[in-house]
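Number of protein chains: 2
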Amino acid sequence: MKKTKKFLLSENEIPEQWYNIQADMPNAMLPPLHPGTKQPIGPEDLAPLFPMELIKQEVSKERWIDIPEEVRDIYKMWRPTPLYRAYNLEKLLDTPAKIYYKYEGVSPAGSHKPNTAVAQAYYNKAEGVKKLTTETGAGQWGSALAFACQTFGMELEVYMVKISYDQKPYRKSMMNVWGAEVFSSPTNKTESGRKILAANPDSPGSLGIAISEAVERAATSANTKYSLGSVLNHVLMHQTVIGLEAVKQFEKAGDFPDIVIAPFGGGSNFAGISFPFLKYNLTEGKNIRCIAVEPASCPKLTRGEFRYDFGDTVGLTPLLPMYTLGHTFVPAPIHAGGLRYHGAGVIVSQLLKDKIIEASAMQQLECFDAGVKFARTEGIIPAPEATHGIAQVFREAEKAKQEGKSKTILFNLCGHGYFDMSAYSDYFAGKLVDHELTDDELYSGLKELNLHPVE
Amino acid sequence: MKKTKKFLLSENEIPEQWYNIQADMPNAMLPPLHPGTKQPIGPEDLAPLFPMELIKQEVSKERWIDIPEEVRDIYKMWRPTPLYRAYNLEKLLDTPAKIYYKYEGVSPAGSHKPNTAVAQAYYNKAEGVKKLTTETGAGQWGSALAFACQTFGMELEVYMVKISYDQKPYRKSMMNVWGAEVFSSPTNKTESGRKILAANPDSPGSLGIAISEAVERAATSANTKYSLGSVLNHVLMHQTVIGLEAVKQFEKAGDFPDIVIAPFGGGSNFAGISFPFLKYNLTEGKNIRCIAVEPASCPKLTRGEFRYDFGDTVGLTPLLPMYTLGHTFVPAPIHAGGLRYHGAGVIVSQLLKDKIIEASAMQQLECFDAGVKFARTEGIIPAPEATHGIAQVFREAEKAKQEGKSKTILFNLCGHGYFDMSAYSDYFAGKLVDHELTDDELYSGLKELNLHPVE
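Chains as they are written, first to last, in my numbering: chain A, 67 to 521; chain B, 67 to 521.
Hint data in this document are derived by calculation from the structure and do not stem from the laboratory.
Heads up, some of the hints might be wrong.
A pair counts as met if it fits within one copy or between any two copies, since identical chains are not told apart.
Listed next, the in silico SDA-like pairs over lysine to any residue satisfying Cα-Cα at most 20 Å (straight line) [stated by the list, open to error]:
#1 Lys191 - Thr443
#2 Lys142 - Glu82
#3 Lys261 - Glu507
#4 Lys142 - Lys157
#5 Lys473 - Leu159
#6 Lys314 - Leu74
#7 Lys104 - Ser491
#8 Lys261 - Ile229
The shape of chain A in the complex, shown without the other chains (with noise of 0.2 Å):
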């Protein structure tokens, strides 16, 4: 009992107010545009979508914003989440490193999402919504929205992927445990939905077809509003308290990293353990490096472009200024559902471009590796998603080991993967493969680009 394995705060130490980057970026963003008129957008533009509440975080400069009480009550759930030191693994790699991980699969849809879902369904309710619209892929932004609109009372339609409504089902009664209705997108029941049958009766769907869907449905529908878990700033920003906590165990563990690891998706678990990190480069000088890890198949921070692009597949949502493949890109079927999306946050976007951050791109074989030895040392069994992160965190152990050098290395172990043995059973038996993306494929989502100004 000598070790100390796990760094807990109570739960009086969950953060009091989320910590809003904006406010220490070099550089400013470029502003959102409208679809229509290719001009900037403001606040009434974004009001049939999202309660004024989150549209005024979305572009705020103030570096701290207040977590309602409310939230906060909601959050003790299950926060603060724990800092565990990963002995057994730094074992098993024999490196001099350090190896932590903050675990935030223990909230009650599994992973890191419930702390924006809350946030979100919180700031809706308080301004008169009674039901919200959203998209998910594999099921984990779905659960988290539908544990929220449960716990505030409200209704809930989310618009899931076909394929993975098809072939996830667990995910599916998870969101109808917690009252959601759910439905297999695209559907008759939106413009977006019927023109994608019509031009393909058959299709798969996509978490861009699901986004067009939600979105049309918020916008058409009384006292109705859409949630995105993840891309906008203010779901980054309510990720921070993943980072704050961590921020506090590291006090505790009297130790503080030098490297900050995290999957990228959209930006948002990236985002919540690295910005407060990201915070003492930007205001006291220091060097964290901070870096992000998409799959190979989806590297749009890596192989993308700095571009305006839509959201959303069929062009409903503003253009954004970020690194993307396209909207029209169709990552290969990889079993990280949750990294499948083809462009990143705004704010991530921009921190890239001023080389603030890294980036890195991970196959799924050596993900799954490092996700079973994982298992096998630390006997958590990751999400496919978490284990991009972990692999990284391989690649820089070894480095330290080559090295002889003691870094401390942090990662967001931002799910667990109880719903996602298939994954862990088709690796078993040998059935995934990695996909080397060619030039030509990259060039299929990126040529529509041409079509949007550049900056």
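With chain A held as given, fit chain B onto it using these hints.
Same frame as chain A, but now just chain B:
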């Protein structure tokens, strides 16, 4: 933030000793008998199956038994587990009762089972055993032991009931992640399995058959022993870490339970939470009600007989004095697979006979209804086994309301339901039914018992 939701302990508050209730029981238990001679067995009879340290624990009258440092070190991966105050549930039930739950689902395998799995793997390893064998039904126990064996670098063979092996592939994947070999039982690997298959090539298997196979393999293989996840005295004792932590947590909460509730399969879950509280009844004259909740379709405590019976179907184990439905009894296929066992642990049987504890039987629809309400208020989706305890909590909370008394109720939320979402789907689809066990069905198992001495 005024109300404290979670009562946490630090790692150095993990108990240093297990509580052995054998020291405080008013009446000694009857001895186990050799299946052939019908004479009391000695340690040498158990030596082919268990390491000597566990055989000693099985019959020890010492009140406190040290938890090895190495075991506590692994417990640190998830222990101490949180004690929650169920404010939201109390509000829903509109009850003056105060409801607390201890949550064991935070363990790597998602249930309380690793508490004993780790201890058993440790003692076997310490005595030079290279491989363990075990049985598993729904897979909770098999995955817990797979995790434990992986941790100590031991091999494991799991005999998984065929019908579960086919219907629950994800628990199997979980065992594979932790390196276990999993076989669909009955197999052709054992005499017991071949005998069953000869009589019925399409046998769906049963826990009793799988135990016969695992026991036979251990008895006939070099450096191999057998491990059981419930029923036996040492197994129940290892689980007392749960209740011992809860006692400390109630100190922090400034409260103390009037009623302690747990689901009942073989007894390990119930013993784990209740024995450290029963100690106050047995040694300090307190009067805490401890209630074991079994499924109405497998009612050994409420409708079984107190008799000597086998632990397995084929009849390889010693005869144990217990409440039983007969070792040939086949319970209806309810979704709480972990509670479908014909007999009750010997200690629990004696305590019930002596009226020191209470028992209750519950139909599955009442359980699922309570489970869904729990998930909607407290955010955690309980395993079907765990819903039995929750349904009893609902009854006691209603009683407190009727009586206008503010009782303090504690229950053990022994595991999450993330691997059981198909059960919830079936429940929502109206596919689940209650099963009223007829006297004839009951007698079908009990009549076999006339072959064995009563006491």
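Which numbered hints are broken by the structure, listed smallest first?
Hints 3 and 7 contradicted; others consistent.
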